[in-house]
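Based on these hints, arrange chains B, C and D on the given structure of chain A.
Protein sequences appear in the order of chains A, B, C and D.
Our numbering applies: residue 86 is where the first sequence begins, and numbers increase by one.
Our numbering applies: residue 86 is where the second sequence begins, and numbers increase by one.
Our numbering applies: residue 53 is where the third sequence begins, and numbers increase by one.
Our numbering applies: residue 53 is where the fourth sequence begins, and numbers increase by one.
Some clues are possibly wrong.
Here are the simulated DSS-like pairs of lysine-lysine, each with C-alpha atoms no more than 30 Å apart in a straight line [as the list claims (entries may be wrong)]:
#1 A:K230 to D:K169
#2 D:K130 to B:K230
#3 C:K176 to B:K126
#4 A:K157 to A:K306
#5 A:K243 to B:K243
#6 C:K208 to C:K176
#7 B:K157 to B:K98
#8 B:K230 to A:K224
#9 A:K224 to D:K130
#10 A:K253 to C:K130
#11 A:K126 to D:K221
#12 D:K169 to B:K243
#13 A:K268 to A:K253
#14 D:K221 to D:K169
#15 A:K300 to A:K316
#16 A:K268 to D:K221
#17 B:K316 to B:K300
#18 C:K208 to B:K224
#19 D:K176 to A:K157
#20 A:K230 to B:K98
#21 D:K208 to D:K221
#22 B:K253 to A:K300
#23 D:K221 to A:K243
#24 D:K221 to D:K233
#25 A:K306 to D:K221
#26 C:K130 to B:K216
#27 B:K224 to C:K130
#28 C:K176 to A:K268
#29 D:K169 to A:K156
#30 A:K156 to D:K173
#31 C:K208 to A:K268
#32 B:K230 to A:K157
In case anyone wonders, no lab produced these hints; they're calculated from the structure.
Listed below, chain by chain, are the residues.
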Amino acid sequence: MNKVVANPEEALKGVESNMTLMLGGFGLCGIPENSITQLVKLGVTGLTCISNNAGVDDFGLGLLLQGKQIKKMISSYVGENDEFERQMLSGELDVELIPQGSLAERCRAGGAGIPAFYTPAGYGTEVAEGKEVREFNGKPHILEKALHADFAIVKAWKGDTEGNLIFKATARNFNPMMAMAGKITVAEVEELVPAGALDPNEIHTPGIFVQRIFKGLKFEKRIEQRTVRQK
Amino acid sequence: MNKVVANPEEALKGVESNMTLMLGGFGLCGIPENSITQLVKLGVTGLTCISNNAGVDDFGLGLLLQGKQIKKMISSYVGENDEFERQMLSGELDVELIPQGSLAERCRAGGAGIPAFYTPAGYGTEVAEGKEVREFNGKPHILEKALHADFAIVKAWKGDTEGNLIFKATARNFNPMMAMAGKITVAEVEELVPAGALDPNEIHTPGIFVQRIFKGLKFEKRIEQRTVRQK
Amino acid sequence: MALDKNGIAQRIAQELQDGWYVNLGIGIPTLVANYIPDGIEVEFQSENGILGMGPFPFEGDEDADLINAGKQTITATKGAVYFDSATSFAMIRGQHVQLTVLGAMEVSQNGDIANWKIPGKMVKGMGGAMDLVASAENIIVAMMHTNKAGISKLLKTCTLPLTGVGCVKKVVTNLAVLEIKGNQFHLLERAPGVTVEEIVAATEGTIIVPDNVPEMNLEI
Amino acid sequence: MALDKNGIAQRIAQELQDGWYVNLGIGIPTLVANYIPDGIEVEFQSENGILGMGPFPFEGDEDADLINAGKQTITATKGAVYFDSATSFAMIRGQHVQLTVLGAMEVSQNGDIANWKIPGKMVKGMGGAMDLVASAENIIVAMMHTNKAGISKLLKTCTLPLTGVGCVKKVVTNLAVLEIKGNQFHLLERAPGVTVEEIVAATEGTIIVPDNVPEMNLEI
Numbered sequence: 086m087n088k089v090v091a092n093p094e095e096a097l098k099g100v101e102s103n104m105t106l107m108l109g110g111f112g113l114c115g116i117p118e119n120s121i122t123q124l125v126k127l128g129v130t131g132l133t134c135i136s137n138n139a140g141v142d143d144f145g146l147g148l149l150l151q152g153k154q155i156k157k158m159i160s161s162y163v164g165e166n167d168e169f170e171r172q173m174l175s176g177e178l179d180v181e182l183i184p185q186g187s188l189a190e191r192c193r194a195g196g197a198g199i200p201a202f203y204t205p206a207g208y209g210t211e212v213a214e215g216k217e218v219r220e221f222n223g224k225p226h227i228l229e230k231a232l233h234a235d236f237a238i239v240k241a242w243k244g245d246t247e248g249n250l251i252f253k254a255t256a257r258n259f260n261p262m263m264a265m266a267g268k269i270t271v272a273e274v275e276e277l278v279p280a281g282a283l284d285p286n287e288i289h290t291p292g293i294f295v296q297r298i299f300k301g302l303k304f305e306k307r308i309e310q311r312t313v314r315q316k
Numbered sequence: 086m087n088k089v090v091a092n093p094e095e096a097l098k099g100v101e102s103n104m105t106l107m108l109g110g111f112g113l114c115g116i117p118e119n120s121i122t123q124l125v126k127l128g129v130t131g132l133t134c135i136s137n138n139a140g141v142d143d144f145g146l147g148l149l150l151q152g153k154q155i156k157k158m159i160s161s162y163v164g165e166n167d168e169f170e171r172q173m174l175s176g177e178l179d180v181e182l183i184p185q186g187s188l189a190e191r192c193r194a195g196g197a198g199i200p201a202f203y204t205p206a207g208y209g210t211e212v213a214e215g216k217e218v219r220e221f222n223g224k225p226h227i228l229e230k231a232l233h234a235d236f237a238i239v240k241a242w243k244g245d246t247e248g249n250l251i252f253k254a255t256a257r258n259f260n261p262m263m264a265m266a267g268k269i270t271v272a273e274v275e276e277l278v279p280a281g282a283l284d285p286n287e288i289h290t291p292g293i294f295v296q297r298i299f300k301g302l303k304f305e306k307r308i309e310q311r312t313v314r315q316k
Numbered sequence: 053m054a055l056d057k058n059g060i061a062q063r064i065a066q067e068l069q070d071g072w073y074v075n076l077g078i079g080i081p082t083l084v085a086n087y088i089p090d091g092i093e094v095e096f097q098s099e100n101g102i103l104g105m106g107p108f109p110f111e112g113d114e115d116a117d118l119i120n121a122g123k124q125t126i127t128a129t130k131g132a133v134y135f136d137s138a139t140s141f142a143m144i145r146g147q148h149v150q151l152t153v154l155g156a157m158e159v160s161q162n163g164d165i166a167n168w169k170i171p172g173k174m175v176k177g178m179g180g181a182m183d184l185v186a187s188a189e190n191i192i193v194a195m196m197h198t199n200k201a202g203i204s205k206l207l208k209t210c211t212l213p214l215t216g217v218g219c220v221k222k223v224v225t226n227l228a229v230l231e232i233k234g235n236q237f238h239l240l241e242r243a244p245g246v247t248v249e250e251i252v253a254a255t256e257g258t259i260i261v262p263d264n265v266p267e268m269n270l271e272i
Numbered sequence: 053m054a055l056d057k058n059g060i061a062q063r064i065a066q067e068l069q070d071g072w073y074v075n076l077g078i079g080i081p082t083l084v085a086n087y088i089p090d091g092i093e094v095e096f097q098s099e100n101g102i103l104g105m106g107p108f109p110f111e112g113d114e115d116a117d118l119i120n121a122g123k124q125t126i127t128a129t130k131g132a133v134y135f136d137s138a139t140s141f142a143m144i145r146g147q148h149v150q151l152t153v154l155g156a157m158e159v160s161q162n163g164d165i166a167n168w169k170i171p172g173k174m175v176k177g178m179g180g181a182m183d184l185v186a187s188a189e190n191i192i193v194a195m196m197h198t199n200k201a202g203i204s205k206l207l208k209t210c211t212l213p214l215t216g217v218g219c220v221k222k223v224v225t226n227l228a229v230l231e232i233k234g235n236q237f238h239l240l241e242r243a244p245g246v247t248v249e250e251i252v253a254a255t256e257g258t259i260i261v262p263d264n265v266p267e268m269n270l271e272i
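Chain A with its partners taken away, still in its complex shape (with noise of 0.2 Å):
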C-alpha cells in the first residue's frame, strides 16, 4: 500500500480554490513547511484553513496571508502578525475562534465519525451562541460539532512508505487529530523510511489515515520565542 509521491506537487494535486483545508502545528512547531509553500506556488484563493495558529508575517501561513489566499481562518488564537490583523480589521479575512480543546476534539470527531459532542468550554461565553447547551451531572454543556477538510495536511518526524507517522516532542499537537478528518490526508517527513521499519508499537498515525506521503526537501524549523537560560 504504497502512499509515496514524489514531490509536493504531486502531494498537493487537487488542491482548489475554495476548499477547506487542516493544517497542523502549534505555532511555528509541527508545521508543513514544505505544503505551504506549495500552496503559495499553486496560488489558490479562497481557502478555509482550520489551524491552531495562523503563523507570522513571513513563515508559516503567513506566507499563504501574504498573498490573500486565505478566505477564513478557524483557530484558537491568532494575531502573531501584522498582516494578519490588517486584514481581519479590514474585513478582508474572516476569522472563527474556538477555544483550542474544541479544535483538536472537534478534529478527532471528524475523523472518528462522532457528528458531534457536548463540552463545558465556553458555557457562557459568546463561543456558545446559537449553540445547544444541555447539563450532564449538573453542569451545563454545549454542543459541538465535528470538523472536517478537503485536505488535511500535517507534518511528522518519521514516516514509512504505508503512511505510518511518527511525531517528535510538541510537534506532535495537532498533526494527528488533522490527519484523521481530512477526506485527502498529505503527510511531510523528515525521514522517509520503507515498510517494516518502524515499529508497530510505536508509531502515532497509522497510515490508513493517510493518502500521500513525501520527503520535505527542507525544514527550518523556525523558533517563534527562543527562550534560554544562561550555563
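The following block gives chains B, C and D in isolation, referenced to the frame of chain A:
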C-alpha cells in the same frame, strides 16, 4: 511523582463491594491477571465490571464469576464460559451489552470530560432503546454517555515510576481508555523502570492518568484460540 | 452446484480493489484473506487493534499479545501498526475502512441485518458488529442462502433482533450474488450450476431477476 | 508594599501540594515554577502536548520541536511524556490536572472570568483558556488588583466578554489573597504592608472582611 506500590494488595486498597470497576483486555489478551487474583482474595462482591469480555471459566474475569463477586457485567461480547451463562440465565448476573466501538469511546469520553456524544452504532436496534436519536448529515445517530469507574485496572508491558505506560501489540486494546476513566487507576506491568528510562515519544498512556503502578509477579498470558500454520 | 464456504469467500475476494483497507468478520469472511487476487494489495484491519494482519503464526511462534478480533493468534505484516480500541473504531466509524465483510443470520430486502441475537438462546453480544454495519459505506454479507431446515435467510423483514438498519448493499451466498436496492434483492450472478429457479425459491424477500443472469466465474 | 509579579507567583506557589499536576498560563503564572516549595513535587502540563515541562534550555540546546503553550523553547524533565492536543485536553477537560493558574483582565464576585477579548481591540483568541476554566476544579487567578488607571479588576459583574462563568474560586493579586464564594469576595490575606482599607478601596465587587486579616508570609 512516584506512583509505585509494592504489590496487588497495596494497589487495590480501597476496592470495596458494590463498586464499579473497569478492567482492560480483549478476550484474555492484555488483562490485569495479578489484580484479578487479588480481587478474588479480597472477596469483594456486588461488583459492576466494565470489560469488553468476561473471561473463560477458569481464567480472567471467570475467576470472579466463580466466586459470584460480580453483580453486573458491561461488555460487548460475553459468554465464552459456562458459569457466566448459568448465572445470566438464572438471573443472578445482570448483563448490559454495548457495541464495542461505543464501549471504547464511552470509556475515553469518561476520561476526557466529554459527558456524551453521538454515534451511528446501534441506531434502529435494541441498543438505541430509550436513547435520544438525532440526525446529522442526513444519517440518524444515537446519544451515548460517558462511562466512569471507581477503579480502572489495566495491564501494560512496560511502565515507569511516574505511571507512564507502554503496551505491547494487540494487548493494548481497551487499556488506554480505561486508564483515563478511573477515579483511581491501577496499572500492573511486566517491566517496571525508573522515570526517564522510557522514550517520552513512545509512551501510550501518560502517567497523569495512573495513580498506582506495580510489577506483576507472574503473567500466565493464556491463549484463547491457538491458531497456527504448518512450516 | 452450490458453493461451499470457501467458494463464497473466493467470490467475495473478487470484489477487493487495490489499496483497500478491509475488515473481515469471524467465520466465512475470515476465509476471504486466502483468495486475494493477483496484483491486488489490500490491508486487513482487526478491530481489537491491528492494521496489517498477517497469516497465522508458525507453530511455536504464537504470541499471546498478538491476536485478532476472533481471539486467534496471528502475525503482523511489514508496515503493520497497533493501536487502542478507540482509535480502531475511529477508523471504522470514520469510514476509513473501505470494505467490511461479515456474516449474518438474516438480511432483509431493505438492507437490514440481524446477526447477533436469537431470542431464547444465550446472547453472546454484538462485539463490534453494530459499529461496523452502522458505519461502513461498503458492506458485503457472506452467508448461506437458507438455514439448515431450508428456510430462507433473505427476507422481506428480519424476524430476529437487528444489528443495523438499511446498511447492507451486497450479499454473497452459496447460491448467488445479490445487490440490495429500492427495497428489493437484485440477482446479479448464480453459483455454478445453480438455476435461477432454485435461487428464487430460496429467497423469501422480493427478488428481481434480469433476463440474463450470468454464472459466477471463480477461475479468475 | 504591594507585591510585584514575582511576589504574586511566590504566594501562589504556596498553594501547591505534593503530587499535583499543574497547568500554568502565560505571564505571571509561568513564574510560579520558580518558587516550588521544598519537599513538594509537582509536574507541569503544557496544553500543546507535554507533561513534565522543565526549565528553559541552556543556550545552544534549543529544540524547535520542544516548546510550551507560550511557544517558548523548553526542556523536558525525567519521566516526561509527549502527546497530541486531543489527549492534552482530555487531561484538562477530564479533570486530571489538579491546579490551573492563569491571568485575567477581570474577575467577578460570582467567579466569572474575562481574559481573552477587549471589544474594539485586535482579538487574538482564547487559546486553551476556555477549556481550562470550564474544566478545572481548582483555578487560581493571578492578576493585578487594578489596571494601570487604578480601576478595580475585581468586579460585581465582568464588563468584558467572558472566558468562563462561575469557575474562579481563588484570586491572588498584588494586594491580597481572596476566595470567591456565595457571590462575594472573601479577603483571606493582605500583601505585606498593605492595609485592609487599601484592598477594600481597590475592590469594586462585594468584599467580606473578617476581623483578622493576616499578612502573607512569603518567607516560608
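Each hint, compared with the structure:
1. The suggested pairing of K230 (chain A) with K169 (chain D) holds, with an alpha-carbon distance near 24 Å, which does not exceed 30 Å.
2. Under the criterion of a C-alpha separation no larger than 30 Å, the hint pairing K130 (chain D) with K230 (chain B) is inconsistent with the structure, at around 37 Å.
3. Pair hint K176 (chain C) plus K126 (chain B) holds up; C-alpha atoms about 28 Å apart against a cutoff of 30 Å.
4. For the hint linking K157 (chain A) to K306 (chain A), the alpha-carbon distance of about 25 Å falls within 30 Å, and the restraint holds.
5. Proximity of K243 (chain A) to K243 (chain B) is assessed by CA-CA distance (about 23 Å); at most 30 Å being required, the pair is judged to hold.
6. Between K208 (chain C) and K176 (chain C), the direct Cα distance comes to roughly 26 Å. Compliance with the 30 Å bound is thereby established for this hinted pair.
7. Proximity of K157 (chain B) to K98 (chain B) is assessed by CA-CA distance (about 22 Å); at most 30 Å being required, the pair is judged to hold.
8. Distance restraint check for K230 (chain B) and K224 (chain A): the Cα-Cα separation of roughly 14 Å lies within the 30 Å cut-off, and the hinted pair is therefore satisfied.
9. Between K224 (chain A) and K130 (chain D) the CA atoms are separated by roughly 37 Å; this puts the pair beyond 30 Å, and the hint is violated.
10. With a CA separation close to 23 Å, the supplied pair K253 (chain A) and K130 (chain C) stays within the 30 Å bound.
11. Pair hint K126 (chain A) plus K221 (chain D) does not hold up; C-alpha atoms about 52 Å apart against a cutoff of 30 Å.
12. Among the hinted pairs, K169 (chain D) with K243 (chain B) is inconsistent with the structure: their alpha-carbon atoms are about 45 Å apart, more than 30 Å.
13. This hinted pair checks out: K268 (chain A) and K253 (chain A) have alpha carbons roughly 24 Å apart, not beyond 30 Å.
14. With a CA separation close to 21 Å, the supplied pair K221 (chain D) and K169 (chain D) stays within the 30 Å bound.
15. At roughly 36 Å between alpha-carbon atoms, K300 (chain A) and K316 (chain A) are farther apart than 30 Å, so this suggested pair is violated.
16. For the proposed pair K268 (chain A) and K221 (chain D), the alpha carbon gap of about 44 Å is over 30 Å, so the pair is violated.
17. Only pairs whose Cα atoms come within 30 Å are accepted, and K316 (chain B) paired with K300 (chain B) is rejected, the gap being roughly 36 Å.
18. Restraint check for K208 (chain C) and K224 (chain B): satisfied, since their Cα atoms lie roughly 23 Å apart, inside the 30 Å limit.
19. A distance of roughly 15 Å separates the Cα atoms of K176 (chain D) and K157 (chain A); the hinted pair therefore holds under the 30 Å criterion.
20. Taking the CA atoms of K230 (chain A) and K98 (chain B), the gap is near 41 Å; set against the 30 Å cutoff, the hint is violated.
21. Between the alpha carbons of K208 (chain D) and K221 (chain D) the distance comes to roughly 15 Å, so the proposed pair stays at or under 30 Å and holds.
22. At most 30 Å may separate the alpha-carbon atoms for a hinted pair to count; K253 (chain B) and K300 (chain A) meet this at roughly 29 Å.
23. Restraint check for K221 (chain D) and K243 (chain A): not satisfied, since their Cα atoms lie roughly 45 Å apart, outside the 30 Å limit.
24. Simply put, K221 (chain D) and K233 (chain D) have alpha-carbon atoms about 7 Å apart, close enough for the 30 Å limit, and the pair holds.
25. With a C-alpha separation of about 40 Å, the suggested pairing of K306 (chain A) with K221 (chain D) is violated against the 30 Å cut-off.
26. Proposed proximity of K130 (chain C) and K216 (chain B) is contradicted: the alpha carbons are some 43 Å apart, above 30 Å.
27. For a cut-off of 30 Å, the pair hint linking K224 (chain B) to K130 (chain C) is broken: about 37 Å separates their Cα positions.
28. Distance hint between K176 (chain C) and K268 (chain A) is unfulfilled; the C-alpha atoms sit about 36 Å from each other, more than 30 Å.
29. The hinted pair formed by K169 (chain D) and K156 (chain A) meets the criterion: a straight-line CA distance of about 22 Å does not exceed 30 Å.
30. Using a Cα cut-off of 30 Å, the hinted pair K156 (chain A) and K173 (chain D) holds, with the two alpha carbons roughly 21 Å apart.
31. Distance check on the hinted pair: K208 (chain C) and K268 (chain A) sit about 36 Å apart at the alpha-carbon level, beyond 30 Å; violated.
32. Distance restraint check for K230 (chain B) and K157 (chain A): the Cα-Cα separation of roughly 34 Å exceeds the 30 Å cut-off, and the hinted pair is therefore not satisfied.
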